[in-house]
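**Student:** The residues making up each chain are set out below.
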Amino acid sequence: MYRINNYNDTINLKLENMKLLRSLSILIMILTIGLGAVSCKNVSDADIQNEAQVALNANPDLSGVMVTVLNKVATITGTVEDEATKSYAESTVAGVENVVSVVNEIVVVPPPPDYSALDNAINAGLADALKDHPKVTATVQDGVITINGEIRERDLQTLMEKLNALNPVQIVNNATVK
Amino acid sequence: MTLSEKYKELVDIAINNKLSVNDTGKVLRIEGEVDTADIKDKMWEIYKNLDPHFKSNDVVLNVKSKVSAGDKVKVVTRESRLNIRQGPGTDQPIVGKAEKGDIITLINKTNDQWWLVRDNDGEEGYCYSQYLEPVN
Chain C
0 MYRINNYNDT INLKLENMKL LRSLSILIMI LTIGLGAVSC KNVSDADIQN
50 EAQVALNANP DLSGVMVTVL NKVATITGTV EDEATKSYAE STVAGVENVV
100 SVVNEIVVVP PPPDYSALDN AINAGLADAL KDHPKVTATV QDGVITINGE
150 IRERDLQTLM EKLNALNPVQ IVNNATVK
Chain Z
0 MTLSEKYKEL VDIAINNKLS VNDTGKVLRI EGEVDTADIK DKMWEIYKNL
50 DPHFKSNDVV LNVKSKVSAG DKVKVVTRES RLNIRQGPGT DQPIVGKAEK
100 GDIITLINKT NDQWWLVRDN DGEEGYCYSQ YLEPVN
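Residue numbers (numbering that gives the first Met the number 0), protein chains in the order written: chain C, 0 to 177; chain Z, 0 to 135.
None of these hints come from the bench; they were simulated from the model. Each hint can be trusted.
As a list, the in silico PhoX-like pairs of lysine-lysine whose alpha-carbon atoms are at most 20 Å apart:
#, chain 1, residue 1, chain 2, residue 2
1, Z, K65, Z, K108
2, Z, K54, C, K134
3, Z, K17, Z, K65
4, Z, K25, Z, K47
5, Z, K47, Z, K63
6, Z, K7, Z, K54
7, Z, K108, Z, K96
8, Z, K41, Z, K17
9, C, K177, Z, K47
10, Z, K54, C, K177
11, Z, K96, C, K130
12, Z, K73, Z, K63
13, Z, K41, Z, K73
14, C, K130, Z, K99
15, Z, K108, Z, K71
Take a look, some chain Z residues computed to stay more than 12 Å from chain C by CB distance:
#, residue
16, E8
17, V10
18, I14
19, N15
20, V20
21, T35
22, D37
23, V94
24, G95
25, D101
26, I106
Quick reminder that beta carbons are idealized off the backbone N, C-alpha and C, glycines included.
Chain C extracted, bound-state conformation (with noise of 0.2 Å):
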């Protein structure tokens, strides 16, 4: 009998575990859906994703600036013109809530310089300065002046004097020296 009694509050013993284990399965079940809906709601990487674009975007600086998120992490990524913007977009996104921390990756691509206001200069003064050799001729780009033609030995450097003097970024001569 004991052994018989004794086998049954073994299982009365396990039935009662089984009910709590239950319970405190179905407890766990509710606070892991209850916490689940709340962090869906409120800190999905996609969202973190889309706001940190969003405050991105707000500035034109930034338009070259993408960002994704993945654990609270923000990744940028794209091109901006100085370093300064650079870390302009990192203070936005480190600003948005629930990033944790930023991983900076844009590169810094100044913008090529212009010389269109040079260039407009120098081709203002190019005319006077090859009135006298009227066998040369000229082009200018990104304030470069190219020479092409031919020119008297004796007067090279007169024509070098007058080029160097309209300040060009370089001059290729490409003229025939007779």
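Given chain C's structure and the hints, the job is docking chain Z onto it.
**Tutor:** For chain Z alone, kept in the frame of chain C given last:
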């Protein structure tokens, strides 16, 4: 050899005369104003010795000699007489001519290319500045 080394003689004289020297690696730029036309001429002589036909395309030598309104300037054309024009430009009518070697008066520097001058007959007009150099 860097450009500063290649044109060391030019760089030295430039530094002595407090000119701006900038070696970009592709082009050596020397700019500024020197006290006399002699220094400018010397620099061009050095440059020409190092690159006789100016074919290296690696120097910009933009050096002007100091001159102010009222100073005397000398006509330094190679052989011909220098046109004195009504306005600043080769499209302007010629109002007079100055002989090579003439010393005339600078009234003002209209721009880098064109200077207003008075010749020895009292005639006024514009000359191309590269053909004028200050008399010191």
